[in-house]
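Participant: Line by line, the protein sequences give chains A and B.
For the first sequence, the residue numbers in the numbering used here are 1 to 342.
For the second sequence, the residue numbers in the numbering used here are 1 to 150.
Hints listed in this document are in silico derivations from the structure and should not be mistaken for laboratory results.
Values in this document were obtained by computation on a predicted structure and should not be read as measured data.
Honestly, I wouldn't trust all of these hints.
[Said to hold, decoys possible] One-sided excerpt, in silico: chain A residues whose CB lies under 8 angstroms from chain B:
{"#": "1", "residue": "H39"}
{"#": "2", "residue": "S43"}
{"#": "3", "residue": "Q154"}
{"#": "4", "residue": "D181"}
{"#": "5", "residue": "I183"}
[Said to hold, decoys possible] Calculated lysine to aspartate or glutamate pairs in the EDC-like style (CA-CA distance at most 20 angstroms, straight line):
{"#": "6", "chain 1": "A", "residue 1": "K332", "chain 2": "A", "residue 2": "D300"}
{"#": "7", "chain 1": "A", "residue 1": "K199", "chain 2": "A", "residue 2": "E123"}
{"#": "8", "chain 1": "B", "residue 1": "K116", "chain 2": "A", "residue 2": "D181"}
{"#": "9", "chain 1": "B", "residue 1": "K147", "chain 2": "B", "residue 2": "E59"}
{"#": "10", "chain 1": "B", "residue 1": "K58", "chain 2": "B", "residue 2": "E76"}
{"#": "11", "chain 1": "A", "residue 1": "K94", "chain 2": "A", "residue 2": "E76"}
{"#": "12", "chain 1": "A", "residue 1": "K167", "chain 2": "A", "residue 2": "D132"}
{"#": "13", "chain 1": "B", "residue 1": "K134", "chain 2": "A", "residue 2": "D181"}
{"#": "14", "chain 1": "A", "residue 1": "K88", "chain 2": "A", "residue 2": "D62"}
{"#": "15", "chain 1": "B", "residue 1": "K58", "chain 2": "A", "residue 2": "D260"}
{"#": "16", "chain 1": "B", "residue 1": "K143", "chain 2": "B", "residue 2": "E107"}
{"#": "17", "chain 1": "A", "residue 1": "K37", "chain 2": "A", "residue 2": "E100"}
{"#": "18", "chain 1": "A", "residue 1": "K54", "chain 2": "A", "residue 2": "E76"}
{"#": "19", "chain 1": "B", "residue 1": "K116", "chain 2": "A", "residue 2": "D120"}
{"#": "20", "chain 1": "A", "residue 1": "K286", "chain 2": "A", "residue 2": "D260"}
{"#": "21", "chain 1": "A", "residue 1": "K167", "chain 2": "A", "residue 2": "E268"}
{"#": "22", "chain 1": "B", "residue 1": "K12", "chain 2": "B", "residue 2": "D31"}
{"#": "23", "chain 1": "A", "residue 1": "K201", "chain 2": "A", "residue 2": "E106"}
{"#": "24", "chain 1": "A", "residue 1": "K254", "chain 2": "B", "residue 2": "D83"}
{"#": "25", "chain 1": "A", "residue 1": "K88", "chain 2": "A", "residue 2": "D24"}
{"#": "26", "chain 1": "A", "residue 1": "K47", "chain 2": "B", "residue 2": "D6"}
{"#": "27", "chain 1": "A", "residue 1": "K178", "chain 2": "B", "residue 2": "D83"}
{"#": "28", "chain 1": "A", "residue 1": "K243", "chain 2": "A", "residue 2": "E334"}
{"#": "29", "chain 1": "A", "residue 1": "K94", "chain 2": "A", "residue 2": "D24"}
{"#": "30", "chain 1": "A", "residue 1": "K47", "chain 2": "B", "residue 2": "E8"}
{"#": "31", "chain 1": "A", "residue 1": "K47", "chain 2": "B", "residue 2": "E107"}
{"#": "32", "chain 1": "B", "residue 1": "K9", "chain 2": "B", "residue 2": "D28"}
[What the hints assert, rightly or not] Sample of chain A residues with no beta-carbon within 10 angstroms of chain B, all distances over it, derived:
{"#": "33", "residue": "P41"}
{"#": "34", "residue": "Y119"}
{"#": "35", "residue": "Y302"}
Even for Gly, the Cβ is constructed at its ideal location relative to N, Cα and C.
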Amino acid sequence: MSEVKLSKTKYKIVINDKKEIEADEGKSLLSTLLRQKIHIPTSCGGKGKCGLCKLRVAEGADILQPAEETLLNDYEKQSNIRLSCQVKVQNNLKIFIPPEILNVREYNCQCTDIKDLTYDIKEFRFELNSGDTLNYIPGQYMQLQLPLYASNNQRISRAYSISSDPKDINNFEFIIRKVPDGICTTYCFEYLKKGDKIKIKGPYGQFSLTQNHTPIIFIAGGSGIAPIKSMLHQMKNTGNKRKATFYFGANRVKDLCCIDLMSRFEKEIANFRFVPAVASSDPGEKWDGQTGLVTKVFRDDYKDATGCEAYLCGSPGMIDASIKVLKEIGVKEENIFYDKFE
Amino acid sequence: MKKSPDIEKLEKILNSSAIVSGGFMGTDTRDLYEIIAADLSELAGLGITITKLVSRMKEITAAAIPALGNWTNIDEKRHARVDEAKGRLTCPWPHLGRFEKRITFVENIHTGEIVKWTDLNIHLIETHNFFEGKGSPYRIELKEIVKNIF
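Produce the complete structure using the sequences and hints provided.
Facilitator: Here it is, written out as structure tokens:
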């Protein structure tokens, strides 16, 4: 019997009223866009679990899938926001993707250095393939595509803020804290070696410095220092004279990192001040800096912070506590920017 | 008894590293519902209900959160701290719960014994009566937790 080939129906997807692509019936919108090298963020690989792959489908979408009922809020549902991994191509579609996502691409790179910053935080340096360059806005993040290894049998990715100097366009760095039994940090800490090749996607995110002259309060804890460090490189590179104070919270002295670099920034950035704060010091530990939770330390410094902008990165608990205090000292909600670990 | 396709699919997810490193089943070769039945039986033998256990775990986690990663006294016997990481963990069951990557550590001040759980552990116990398989990094051993948090 001769083989019968069934041809799939093709549909058209119009992107941002500008670009038109062809799509196979039944494929997910996420995978269709990926084939066109449009990298919508996702960390679960399209299983409808992470909720990162949101975009607006103005026309042609099928009904909401169960995954979307939970992961989209009412406003998003009314605005035709969908999880692109859950939308099947069954009609011509009209979709809108944030312009910055269209600049996202995949990069091949090689790990060139791994440095201990503390007992559980490392700095990873990567070099892009020859001739390739990475342009990003300090504060943005990349998604590291995790290779298969002993404790991981799935194709997944994890997001890490870029911590490096943005003028170093052939290289980039991540500052990563070990998560006990975390899929990606276990790989980075126990398997990744100098010379290993990895793939990353990005840049993603809208956490970035505004272009005005208001004073800045930076607040970070642990590996949350990463995007702030990149922003400070940018302030140095551009001769930025904004008044800026960086409150860096740590539980113990041994949890502090990048202290020498921050001291150099105090000399190199016109109006920058670094305030490390340690919650409590162990017996025998020498510490003559600020002691207490970082929220207490910056509250004591600012009786009135009206007119300041605040940039925060760290654990959800630290961000929530900091936002509460920032509002109490007068910082307007719209001037509080954060990269919560979500 | 033949397993339904839904249970087979769930066990496949629990055995994979789709959500957590190494999966939820550890080295346990028992079926999911064998594990759950054995743990519920053990818990009943310890004179504790799921409701009472989960309530105490939530109480300790809530008390430790404001210390932002530092140890805080819970009572005269124990202190606790929470450690948070970037991202969220999703429940492997098909109902879309998402939980912050928060680990609560509780240390018995007198013995130095430490037990730990994640926000996802609390949900898995409360909603699915699942304490994870033996050998899983976040398996909750019933005798240990009951001894150290009550």
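Participant: Once the closest CB in chain B is found, is it more than 10 angstroms from A:Y302?
Facilitator: A:Y302 clear of chain B: closest Cβ-Cβ about 19 angstroms, beyond 10 angstroms.
Participant: Tell me if the straight-line CA distance from A:K54 to A:E76 falls inside 20 angstroms.
Facilitator: holds (9 angstroms)
Participant: Has the given pair, B:K143 with B:E107, been kept, meaning a C-alpha gap of at most 20 angstroms?
Facilitator: This hinted pair holds, its Cα atoms lying about 15 angstroms apart.
Participant: Verify the interface restraint on A:D181: the C-beta must sit less than 8 angstroms from at least one C-beta of chain B.
Facilitator: holds (4 angstroms)
Participant: Is A:K243 close enough to A:E334, meaning Cα to Cα at most 20 angstroms?
Facilitator: holds (19 angstroms)
Participant: Holds or violated: B:K147 and B:E59, Cα atoms, limit 20 angstroms.
Facilitator: holds (16 angstroms)
Participant: Could you grab the alpha-carbon distance between A:K47 and B:D6 and see if it respects the 20 angstroms cut-off?
Facilitator: Status holds; Cα separation ~16 angstroms.
Participant: So A:P41 supposedly isn't at the interface. Is its beta-carbon more than 10 angstroms from every beta-carbon in chain B?
Facilitator: holds (12 angstroms)
Participant: Can the restraint linking A:K178 and B:D83 be considered satisfied, given a maximum Cα separation of 20 angstroms?
Facilitator: holds (11 angstroms)
Participant: Taken at face value, is the distance from the CA of A:E123 to the CA of A:K199 at most 20 angstroms?
Facilitator: Given pair A:K199, A:E123 holds - Cα atoms ~17 angstroms apart, limit 20 angstroms.
Participant: Under the criterion that the straight-line Cα-Cα distance not exceed 20 angstroms, is the pair A:K88, A:D24 satisfied?
Facilitator: Holds, at about 10 angstroms.
Participant: Take a quick look at A:Y119 and tell me if its Cβ sits farther than 10 angstroms from every Cβ on chain B, holds or violated.
Facilitator: Nearest chain B Cβ is 14 angstroms from A:Y119, so the label holds.
Consistency note: the structure conflicts with the earlier hints numbered 1, 15 and 31.
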